[in-house]
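Novice: Each chain, letter by letter, is given below.
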Amino acid sequence: MKRTAILLLAALLFCAIGCGTGAKDDPNAVFIDPNAVRGGEYGALYFEVNGVRFGIYDEAEPVLSALSEKSSFTRESCAFDKPDVFHLFDSFEIMTNEIDGVDRITAITVKDDRVKTPQGLFIGMRETDAAAAFPALFEAEWNLVDGTALLSVTVTDGVVRAIVYTPAVMDD
Amino acid sequence: MLFPSWAFLLFLAVLVPVYYLVPKRIQWIVLLLFNAVFVCFAGLLGAVFMAVTVASVYAATRAFDALFTRQRETLAAMKTTHTKEERKKTRLQFEKKRRLILVACLVLNFGILFALKYGAMLGRLSAGLFGGKPFGQDLALTMGISFYTFSTVGYLLDVYRETVPAERNPLKLALFTSFFPLLVQGPITRFETVGKALTAPHAFDGKRFLSASLRIAWGYWKKLIVADRLLVAVKALCARPNVYYGDFIFMEMLLYAACLYADFTGGIDITIGVGEMLGIRIEENFNRPYFSKSISEYWRRWHITLGEWFKRYVYYPLSVSKPMRDLSKATRRFGAGVSRRVPVYLATLLVWALTGAWHGSNLTFLVWGLLNGVVILLSEECKPLYARFHKRFPKLGESAFYRGFAVIRTVLLLSSLRILDCYGTVKDAFSSFFSMFTTWNWGAVFRGGIQSLGLSYTDYAIALFGVLVMFALSMVQRKGTIRKRIMKRGAVFSVCVLLVLIGTILLFGRYGFGFDASQFIYNRF
Amino acid sequence: MKRKTLTFIGILLACIVFFGALYAVSRLVAPKYHTSPLEGHLTGEYYEEKTAHDVLFVGDCEVFSNISPVTLYNEYGITSFIRGSAQQLTWQSYYLLEDALLTETPKVVVFNVLALKYGEPQSEAYNRMTLDGMRLNASKIRAIRASMTEGEDFMSYLFPLLRYHDRIDKLTGEDFAYWFTSGEPVSFKGYLLRTEVRPATDMPTETYDPKLPESSMEWLGRMADLCEEKGIALVLMKSPSIYPKWYPEWDETVAAFANARGLRYDNMIAENDVIGIDMQTDTCDMGQHLNVYGAEKLSRFYGAVLQKTYQLPDHRGEAAYDADYAALSERYETEKNLRRSEGN
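Chains as they are written, first to last, in the numbering used here: chain D, 69 to 240; chain G, 472 to 996; chain Y, 14 to 357.
Heads up, some of the hints might be wrong.
[As the list claims (entries may be wrong)] In the DSSO-like style, the derived pairs of lysine-lysine whose C-alpha atoms are separated by at most 27 Å in a straight line are:
hint, chain 1, residue 1, chain 2, residue 2
1, G, K678, G, K898
2, Y, K224, D, K179
3, G, K959, Y, K17
4, D, K138, Y, K258
Everything labelled a hint here was simulated from the structure, so no lab data went into it. On a predicted model such as this, the values are computed, not experimentally measured, just so you know.
One chain only, chain D, in its complex shape (with noise of 0.2 Å):
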């Protein structure tokens, strides 16, 4: 009696384990890292030009051939291999990467009031006036981070000098 009782329940606990996987996962995906860099994760701080919407990480090519550049600088960081290239237009820049084999956007910078912000910051604008356009950037100071993007606005004498997106730095 007490041997089958154990059988039975060698045998449900066999069931459980063996047939109650479930879903499997291919065995052959691809893992996606968690640390890999990619586009897109910086939410509500994306910039807009032209209809072109772009980011922090996103791949540089397709939107870079979207715009059209004015031209180009290659800042050499001595000694190094991959250097940082800038991509110039008339009112804003775009510098890229390579991170990974892919080419990456890794800096937005507007540099005069011709471009605004999807919220409609520029440069130049009263301190009063863009905290009232984006509340939420008010908050953090200037500095606020959504995902992987940090977008910086430099405000001295109540008016708005610089806007910059950057990676946001990661702590792990």
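Model the placement of chains G and Y on the given structure of chain D, informed by the hints.
Specialist: Just chains G and Y now, kept in the frame of chain D:
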């Protein structure tokens, strides 16, 4: 001061020559001074808490001593003049006084430990319940407090029970409480042995010095080559339960088992080695724990001093205490089995809950402790079943195959329980653990998974080599200590072994800027 | 007694073998900087010098890319050396100068002022490239102490194995080829030759602090003191590179400093037309560094200025120098032609 730091090595390099050059009479005072430097270096707050512990335990033990003496004198004087009842009453009065002092001293010392350990958590809890800003968020355990509180309270209880005489010199108690190698990773020690050895004179012995150096180097070897390397992967796995689940958890279990073993036994090797260098024998804390055939055996071989402390000062007194006996009596009507088990079960679970709480302030540790207790009780209950099984297959129990099976089963079981260590919440721990049985994703593990944990293939290879060396040495250790055998082959051979250990640590250890620095593309300038 | 002696000898031998092996491994894993990045090789090359120098240049990439000592000698007979490396910070320049002054006393020291914009240690990688090649002395120790970024460990500068042991699985042929030898110099008396032509166009905008950091200005003051003490003329120079930008406020600060200390300060950006530097042909990377054509033009121009101002002797015709510079010039021309023919 952590063991792998220049500060610690420098500290040792200054202490050892000074210790042996001063007259033996004042050797222990020099050691006390160095301890004071060590403690103050870690923070003055910690020094204050330690001073409170020393002062309170010293005052209490001296008071016990005085009360014992007075009790004996009074009772002796009463022998002819008073009745037995009156004498009993007087004795109880003395006992009551002592108990009062004991309780006050325990409350004070465990109170500090409790406040530091749970203050921040309680602050958050109360803020969650009643609103407001959480208090006590900067409370944190000061260096070694979990260890020295237990050691020193152990001494307090020993004096209370009259098993150990009270020390008259408070500085000697301070020396015992503050002995620096014990403040890093333990073990919990006894005043009778270590406390006494600390104040005895010690002459320099070249052979002992060399042997101690070997043990210290081996400790660093395990820590820097295996533990600190694997820790990177373990941390990465634990940090993202939503990414790393399924078969990653099995990997995590094995890596964590190796990492924890290398780290903890390595630290204790350094501690014991440093003690030996100073001529002080410190209790062993491990006895090849991964060769245990059951969880209860494992706990007799892993962190031995903690288990013994709980047994000596909580489990035994609790099992024979009056409330437990009353409880046992009260449950007698449910049968002899029940009445026998109730006190054992209660005491066991309480000890394991406390053991869990000692390990960490998170709820996961409490659950971990209780589960350990439950497993131990369950296997105790199953003993008759095992006995029947082994009676039926008598040869099987003795076969190497079955012993190996029992060892692997134990390691897997305790590794499963340890999953609770890794996560912040019980829910994460359980869902991670069970995902191992529901998700088959070895494909992901081997196609990008293991490379994403911050270790290179070389790192895994070095760690694997380290684990194999540890395993091989543990096998050899069954036949006696390896150091003795090395030392037997002469000083030159021993020095060569030492140099090989140091050389491999320097080359393959995971330390320094090359490993710490994460050079992100955007912080190049 | 005999047994004890044997044991002692045995232990001694074991230690000798151990430290020998450690030294060998340490040399093996340390980066050699012979192919890339070359900048790390510059500091050490100074110690291979056999002749003295009338002029020492100190500073960052704007000295080792923009001044050619070969041209200075061939045109004017000025003997010189460049103690510069990638992003060499002001205090590193100070200590490299202090280190050089232990063995020689030049007549003129030219400091390129761009690095004054950094008041704090910047990056471990640059620290290593500047400091690892330095010979061990008090100057090096002080330079390390002044340069360490957060998380860096002093001991690892003295024992490179502690820093580079993780390179054990990343070794290349270069590591074995230059295991025990520093090999041929990669520079020409501290000058890194480049022949690429990449014209300057628009520059990206930068934000900047109009005030130069106090700490770097203090180090400049110490450098002036050091030179004064030794009777050396200190000259401040802003080389003609147009990026990273050199702002008017900074220019004024340095000019005021030079004025107060009675030093010469040459801002060459304004002199580009006079020198004949054309940022369409004379730069290798869009105006950041000069290529060899630009560097030769600048050297020709500045050599004349230095010789005239400080009456520097013409060493051409002196046997010791001629032999040294003839060999150097030959290697220089070969490398220039080779690089040109390779299209870079």
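Novice: For the pair supplied as a hint, K678/G and K898/G, is the alpha-carbon distance within the 27 Å limit?
Specialist: 53 Å, violated
Novice: Checking one constraint from the list: CA of K959/G to CA of K17/Y, max 27 Å. Satisfied?
Specialist: 15 Å, holds
Novice: Under the criterion that the straight-line Cα-Cα distance not exceed 27 Å, is the pair K224/Y, K179/D satisfied?
Specialist: 22 Å, holds
Novice: For K138/D and K258/Y, compute the direct alpha-carbon distance and say whether it is at most 27 Å.
Specialist: 20 Å, holds
Consistency with the previously given hints fails for number 1 only.
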